[in-house]
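So you can see what is in the structure, the chains are spelled out below.
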Amino acid sequence: MEENKNLESVSLEKDAQVINGTKDQALQEKEVPQVNSQANNDEEPLDKNIKLMSPTRMVVRRFFRSKLSIIGLVMVISLFLFSFFGPLFYTRWGETTPDSSPLTEYGTSQFTYTKNGQTFVIKQTVEKEMSYNSYAPISGDHLLGTDQQGYDIFTRLMYGGRISLTVSFLAVFVITALGVVMGGIAGYFGGWVDNLIMRICDVLMCLPGIPILLIIGLILDSAGVGGSERIYWLMIYLTLFSWPGTARLVRGQILSLREQEYMVAAEAMGYSAPRKIFKHLVPNVMPQLIVQMSLSLGSMILYEATLSYLNLGVRAPFAAWGTMINIISTDPNVITDHFLAWGPAGICIVIAVLGFNFVGDGLRDALDPKMRR
Amino acid sequence: MVKYIAKRLGLSVLILLGVSLIIYVLIRLMPVDFIENKILAMNQGGATVPQDTVDALYATYGLEDGSFLGIIKGYFNWLLNICRFDFGTSFKYGLPVTDVIVSKMGVSFAVALIATIFEFMIAIPLGITASTHQYSFRDYLVTVLVMIGISLPSFFFGQVLKGIFSYGLGWFPISGMVEAGSSSTGIALLIEYIHHMILPILTIVILSIGPRMRMTRTNMLEVLNSDYIRTARAKGLKESKVINKHAFRNTLIPLVTTLAGLLPSLFSGAIITEQVFGLDGIGNVALQAMNAGDIPFIMGYNMFLALLSVIGVLLSDLMYAVVDPRVKLE
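As given, the protein sequences belong to chains W and A, one line each in that order. Each residue of the first sequence is one higher than the one before, counting from 5 in our numbering. Each residue of the second sequence is one higher than the one before, counting from 60 in our numbering.
Hints are not guaranteed to be accurate.
[As the list claims (entries may be wrong)] Some chain A residues close to chain W (C-beta under 7 angstroms, calculated; not the full set):
| hint | residue |
| --- | --- |
| 1 | Val72 |
| 2 | Ile74 |
| 3 | Val78 |
| 4 | Leu85 |
| 5 | Phe150 |
| 6 | Met206 |
| 7 | Pro212 |
| 8 | Ile223 |
| 9 | Leu364 |
| 10 | Ser368 |
[Stated by the list, open to error] The calculated label-pair distances, taken between Cβ atoms and stated as ranges, are:
| hint | chain 1 | residue 1 | chain 2 | residue 2 | range |
| --- | --- | --- | --- | --- | --- |
| 11 | A | Ile257 | W | Thr101 | 34 to 44 angstroms |
| 12 | W | Phe68 | A | His192 | 20 to 30 angstroms |
| 13 | A | Ile207 | W | Phe68 | 20 to 30 angstroms |
| 14 | W | Leu200 | A | Val315 | 50 to 60 angstroms |
| 15 | W | Phe68 | A | Asn284 | 23 to 33 angstroms |
| 16 | W | Ile75 | A | Lys132 | 56 to 66 angstroms |
| 17 | W | Gln122 | A | Leu248 | 43 to 53 angstroms |
| 18 | A | Asn284 | W | Glu265 | 26 to 36 angstroms |
| 19 | W | Arg203 | A | Val315 | 47 to 57 angstroms |
[Claimed, not checked] Some chain W residues flagged as far from chain A (calculated, every beta-carbon gap over 10 angstroms):
| hint | residue |
| --- | --- |
| 20 | Phe93 |
| 21 | Thr101 |
| 22 | Tyr139 |
| 23 | Arg203 |
| 24 | Leu222 |
| 25 | Thr243 |
| 26 | Ala309 |
| 27 | Thr310 |
| 28 | Asp365 |
Source of the hints: derived by calculation from the structure; they are not laboratory data. In this text, a Cβ means the ideal position worked out from N, Cα and C, and glycines have one as well.
With the rest of the complex left out, here is chain A:
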């Protein structure tokens, strides 16, 4: 087990190296130049910035050489800094990238965590009823509803919800995290946060119930057809006991492994949903950073996402062996 984990960790480092190289080269090819914008802003006063100041600016940000060799050199510089746990300083915010990520992560994590809890709480019972009443009206109804959820584009559904509940009925705020000019603290602030997050969470939950529900249904069906369930029924056990104690236990295996795989991604933020609802989460910040050409932040954010997905895969593989004793890791 220890050997397996060590091997997987080594492999993860290799994967991350590959990912970072691809992302770095792509980012350096990106035209939106933070410094050009900065110089333009400097020039606005009527004065022209002298060329050596421009060169010096490029040099400070480590972008003086745009050629192939320069990009490769820049990459190794970046890599060297990573080894010293230095992810660089965000151009836009003037703070270390890690600080920006950590400070914006909370909102995204809160939204994603609450959404995931609701998702599982709704999806599992739905999946179980659908499987125990296979091919009944109930099964079809649940399947069609969750399929519609899967098929909704997040930006469209988010706007529809906003149109109905924020603009139409006025129940929820239109966007942002707090009311404009709000000065509430403590519990009042918390309530304000929750009030602003209900619609985004609703959007995420409805969009992602589908895969979990279908997973539960498929696995339940498979388990319900197995011999030991017939034995349990033949023993005269109550149907509720057969379903909840015997069948559901085995359905939990894939659910727990997906949950483990999902955990890291809770930190990653939902770019589109956060943009639609104007949440101050990491996805929205990243979108703005990308439009501003904030190279260190984009690099840091993308590596953060890659790291999360590597950890997710590793966690779900390990969890599989923990939950299902038949699986042996080699």
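Only chain W is shown next, with the shape it has when bound in the complex:
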């Protein structure tokens, strides 16, 4: 962190020279920072045993020292490869192409009836012709079998992952952007602006999440929004309600940073407010923001899955991990008889969320200057 501030002041000097001097002067003085850094380099080796490391490198090193964060990173990256590049190589089945090889299914039904005080149980085997290969077992054709409609589960896991990961990433980026802008403005200007934004935050934070999204889901129904784009609309509304957390974090940090000396310097330079906020204040909130983002990626995936499970988000025939688990609510026998139809989707959700949580945790520890290990 210390070094960060030094860098900040160096760049301040540079900017100041460019602004105050004429073009020629600026050209001449462009070399000054270089000379400075050379001088620094000459002075540095006070003790040859001390190795200087940039803060970024230090963070990266600390991050990779923790086994859990490496495991998390591997989980996240492999899920990404699986869902974004998987379908390019495994083209045998599409997201919505059922395996239409006919299937004769044998179901059993049971009757009991009482006659003359005796109870008879009749077991009947029913033969049913199906036009698609429903609930196929694991085979070379279907790596994880098929679901009720004869869709290949392995393929649908990949396409479902695409939706879940894309949606969550988009949502987190929008939430962070909104939060940084609103929190930055509130923290920097203070006064009535701060008050107004914080009260809006209070209101939004009190809105109950799932009920509101249920209502919005019903509104989308009447607007005729289709099965694959619904989740994007829902996530747009979700972002509108969930930026206050980030905004509060940014505001809190900026309130304390605002009083620091380098900000007085920036003030003296006569920089514009946006420049001071986004160039000098927000970069110093970045560590906390990055941690917050990676942790909220996990919770966004959970949110998306829950919405799809409640049949609000992605709807059949399109695949999402939550939608694939939703199959349970149509047919309770699936729970025990066809674990493959819904289990792998749940496991994918757990892997994704766990991966992002591990990464976020690792980043938090790596960025925390108090943690020494």
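Take the given structure of chain W and dock chain A to it, following the hints.
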């Protein structure tokens, strides 16, 4: 202190006003029309309901005007009724909204309360052992296990538990609150209730141990590194005494404030868990009301949730000042 509370209460009223406006407008935009369904049901006999009856029906429920002005007017009507402590009558149940909420709240509260007690009883010791054995195998094991708990989607984990324990082993009932056609009373009924609630409670506990345990661990670590702990050790105190008497006391501060913040939310019900296990709690009822377009109930339920979260924030802020004498409220 009194002035601070008064100020916060005033602010809470403002927040609730904002929340109610947003929810009301959203609900009025909702297409699932309770009355349309009702008219459809009336039409099923072959007769067509005359238009004036339809209009009269809309007027009785206060939904005759769907335009922007109509919605605003409807909102102020609703607000006026609230001032008279009248939350309206649920379309679906035909009872005052408050009565429905109060009658369904008990189940949700019982489940949530028992779950929270277990949660704290398990999470705190786990957090303490993890922090006293930092970076050991035990620490990693506990951390990984609770992280898996955090990462589980409630509907998935609930179904897995159901698949194993209800369908597979047959130890627990599949859903609902009592056996179908059960006529047990007294203690037998209580036992039946408990039998049905074990799985939902287990689901909630496993999913929410994580945050508490991690909170305990982080705070314990911070406290264990402080000077007075070194002093205590230097005095030659027993390690158990250092941990339990000196360190844990200070870790309690954030735990107690979260507990205070959590208390109101115990009444709010868990929509997903209750849906998975078919519990007759407030979350499940709200889910059904939402699908039926029961506007007064949805409105009342959402305002109830908002009220609970406002109270929760206020309580945890006040509790902070009570537990930690260094904090002064202004």
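**Item:** Consistency of beta-carbon spacing, Thr101 of chain W to Ile257 of chain A, with hint 34 to 44 angstroms
**Value:** For Ile257 of chain A and Thr101 of chain W the Cβ distance comes to about 43 angstroms; the hint holds.
**Request:** Starting from the hint 26 to 36 angstroms, judge whether the C-beta atoms of Asn284 of chain A and Glu265 of chain W obey it.
**Result:** Holds - the Cβ-Cβ distance for Asn284 of chain A and Glu265 of chain W, about 29 angstroms, lies within 26 to 36 angstroms.
**Item:** Leu364 of chain A as an interface hint toward chain W, with CB separation required under 7 angstroms
**Value:** Because about 4 angstroms separates Leu364 of chain A from the closest Cβ in chain W, which is inside the 7 angstroms limit, the hint holds.
**Prompt:** Any Cβ of chain A at or closer than 10 angstroms to Arg203 of chain W, or is the non-interface label fine?
**Reply:** The claim breaks: Arg203 of chain W does not keep its Cβ more than 10 angstroms from every Cβ of chain A (closest is about 7 angstroms).
**Whether the CB-CB distance between Gln122 of chain W and Leu248 of chain A falls inside 43 to 53 angstroms** = violated (36 angstroms)
**Request:** With 10 angstroms as the threshold, tell me whether Leu222 of chain W passes as away from chain A on beta-carbon distances.
**Result:** violated (5 angstroms)
**Message:** The output says Thr310 of chain W does not contact chain A. Does that hold with a beta carbon cutoff of 10 angstroms?
**Reply:** violated (6 angstroms)
**Prompt:** So the hint says 50 to 60 angstroms: do the beta-carbon atoms of Leu200 of chain W and Val315 of chain A match that?
**Reply:** violated (33 angstroms)
**Check on Thr243 of chain W being off the interface with chain A, judged by Cβ distance over 10 angstroms** = Since the minimum Cβ distance to chain A is about 15 angstroms, Thr243 of chain W lies beyond 10 angstroms and the statement holds.
**Request:** Classify the label on Phe93 of chain W as holds or violated, using whether its beta-carbon is more than 10 angstroms from each beta-carbon of chain A.
**Result:** Non-interface label stands for Phe93 of chain W: nearest chain A Cβ at 28 angstroms, farther than 10 angstroms.
**Request:** Return holds or violated for the Cβ distance of Arg203 of chain W and Val315 of chain A against the range 47 to 57 angstroms.
**Result:** Taking Cβ atoms as reference, Arg203 of chain W and Val315 of chain A lie about 28 angstroms apart, which means the hint is violated.
**Item:** Pairwise beta carbon distance, Phe68 of chain W to Asn284 of chain A, judged against the given window 23 to 33 angstroms
**Value:** holds (24 angstroms)
Against the hints set out earlier in the document, violations occur for numbers 1, 5, 8, 14, 17, 19, 23, 24, 26, 27 and 28.
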